[in-house]
Amino acid sequence: MAWTVTFYPYNILESGTVDVTGDPDTGFPESRLYDRAVSLFWKDTVAEAKNFTADQGASGNLGVDFLAIPKHNFSGIAMQWQYSNDNFVADIHDAVIDWNQGDNSQIIKTLASPVTQRYWRVTLASMTNPKCSEIFMSKGYSFNALREGNPTGRDIDKVRWQETVGGVERSTKIGNKRKARTYNFWMSAAEYASLLTIKNYLNDYAKPFYFKDHKDNYYMARFDGMPAENFDHNTHTRVMVNIKEMI
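Basically my numbering = 1-based index in the sequence shown + 283.
It is worth saying that the hints were derived from the structure and are not from the lab. Small disclaimer: the values here were computed from a predicted structure and weren't measured. We put the beta carbon where it would ideally sit given N, CA and C, even for glycine. A hint or two may mislead.
What the hints assert, rightly or not - Per label pair, the in silico range of CB-to-CB distance: (1) 399 <-> 309: 32 to 42 Å; (2) 358 <-> 514: 41 to 51 Å; (3) 385 <-> 447: 44 to 54 Å; (4) 381 <-> 331: 15 to 25 Å; (5) 471 <-> 399: 20 to 30 Å; (6) 435 <-> 386: 23 to 33 Å.
Stated by the list, open to error - Only pairs whose alpha carbons sit at most 25 Å apart, straight line, appear in this in silico SDA-like list of lysine to any residue: (7) 354 <-> 456; (8) 414 <-> 292; (9) 498 <-> 529; (10) 490 <-> 298; (11) 392 <-> 343; (12) 414 <-> 382; (13) 326 <-> 362; (14) 498 <-> 511; (15) 392 <-> 527; (16) 482 <-> 499; (17) 482 <-> 395; (18) 354 <-> 484; (19) 392 <-> 287; (20) 414 <-> 383; (21) 482 <-> 424; (22) 527 <-> 505; (23) 392 <-> 332; (24) 414 <-> 323; (25) 392 <-> 323; (26) 482 <-> 297; (27) 354 <-> 394; (28) 354 <-> 292; (29) 498 <-> 477; (30) 456 <-> 500; (31) 392 <-> 317; (32) 482 <-> 512; (33) 462 <-> 318; (34) 392 <-> 304; (35) 392 <-> 408.
Using the sequences plus the hints, can you model the full thing?
Have a look at this one:
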């Protein structure tokens with residue numbers, strides 16, 4: 284059985300025009316919704332229904348099959364994910380079935396295949412003091428990872444240990460743990476072209492991306508070191524990547 288992993292390298296909010304109902308609080312601007320920093324928040328203390336709308340422009344439509352909202356306080360609130368070709372005047376389509384958010388855990392929604400439309404939005408019923416970090420809409424590029432070649436997974440702790448003169452150790456936790464993964468791929472020419480497409484969206488590796496690992500865990504991540512590529516075969520390229528979760 285193949286281990287399938289998926290990269291989501293762009294966010295249409297970042298490349299398009301974003302409009303959010305109302306005015307954000309000072310220090311919590313709309314740009315926080317697409318800065319690829321999952322611990323920086325947009326916030327608005329006004330209690331009202333919200334539309335988070337992305338306009339890709341007339342000629343810049345990228346496919347979308349993925350929505351992530353990693354951190355938020357939307358528990359118990361009615362939500363929608365929709366797309367349109369006329370800015371939601373008459374043409375309105377639900378990307379997924381409307382839902383009531385059950386908790387404050389990460390929101391992940393996926394589509395069976397990419398949809399290319401100019402306008403996308405997330406709607407939020409009226410609530411007090413809404414806040415969230417990213418609203419990330421992208422298209423996935425999937426690859427089957429090899430089980431050979433030392434695929435590994437581990438946690439990276441954020442703990443400092445100090446030892447006393449008597450040998451007793453005490454810990455100081457300075458952050459949450461994060462995931463690290465190593466994968467090897469045997470890529471066809473078409474798959475390798477997709478990998479190059481992913482790289483082109485990352486501004487010379489300066490940007491993190493959303494990632495689904497082989498255990499179906501979704502998180503913002505980055506390459507830990509550059510992908511290693513071996514061109515020793517006529518039709519395929521062997522690629523090894525190290526992935527590190529962003530917190």
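Violated hints - listed by number, lowest first: Of the numbered hints given earlier, the structure breaks none, since each of them holds.
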